[in-house]
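Build the full structure now, drawing on both the sequences and the hints.
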Amino acid sequence: MILTGSMCAGSVRYYAACVEAGVVAVDTAEVRLPLRHSHHRYAIAGPNGVQQLTVPLVGETNAMPVPMSDVRISEHASWRRLHWGALFSAYGRSPYFDYIAPDLEAIVMGHQQWLLDYNEQMQQLVIDFMDLPVEMTRACDIDAHGATDLRGKIGTKKPDRLPIVDVPYYQVWQERHGFLPGLSILDLLMNTGHEGIITLMKMNKTER
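The numbering used here puts the first residue of the sequence shown at 1, with every later residue one more than the last.
Calculated from the structure, these hints are not laboratory results. Any given hint might turn out to be false.
Claimed, not checked - In the SDA-like style, the derived pairs of lysine to any residue whose C-alpha atoms are separated by at most 25 Å in a straight line are: (1) 202 x 142; (2) 205 x 48; (3) 157 x 27; (4) 158 x 48.
In structure tokens, the structure reads:
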């Protein structure tokens, strides 16, 4: 079991760690979220390279003191429409876009008020479509004592030191930009579908 913060369309590396662990306890009481930003940001690869997408939040996000469970989404600047446009531009030509697009669009264009709800819906979509052997639960609902604590250790601005290797996989814009590691799990899902689990498992096969 691992203990993590709530991730918004978390990175491929994050999901590799989740697959290795099997059970993931998400700390909904975590504070000081901007120390890593991945709670409301994720990276995709489009025709112009890597693009960071951010879910805007209500209130000052600099060292936000409220727990994750109380973080509200702002509807500032029509971000939902912009996110969906960016995702369509990035992955409209990818092999699995048409399969996942209806459910993904329903989440992105939804009416969630709380960031935690948005993140959990994204997580469940990824787990269901990729058929990942991962159980996501809230830390407050189980005894997470003894879990490996990855809060602030993965999905930060700095490279993590986890025993996970970046394994290249097919990317729709690879001929233009080369292989781009460290992207959102949505990139792996759009480009490889269910077979993406093979990539996630290979990422954990490191020399230890």
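Check each numbered hint from earlier against the structure, then list the numbers of those it violates in ascending order. Hints 1, 2 not satisfied by this model.
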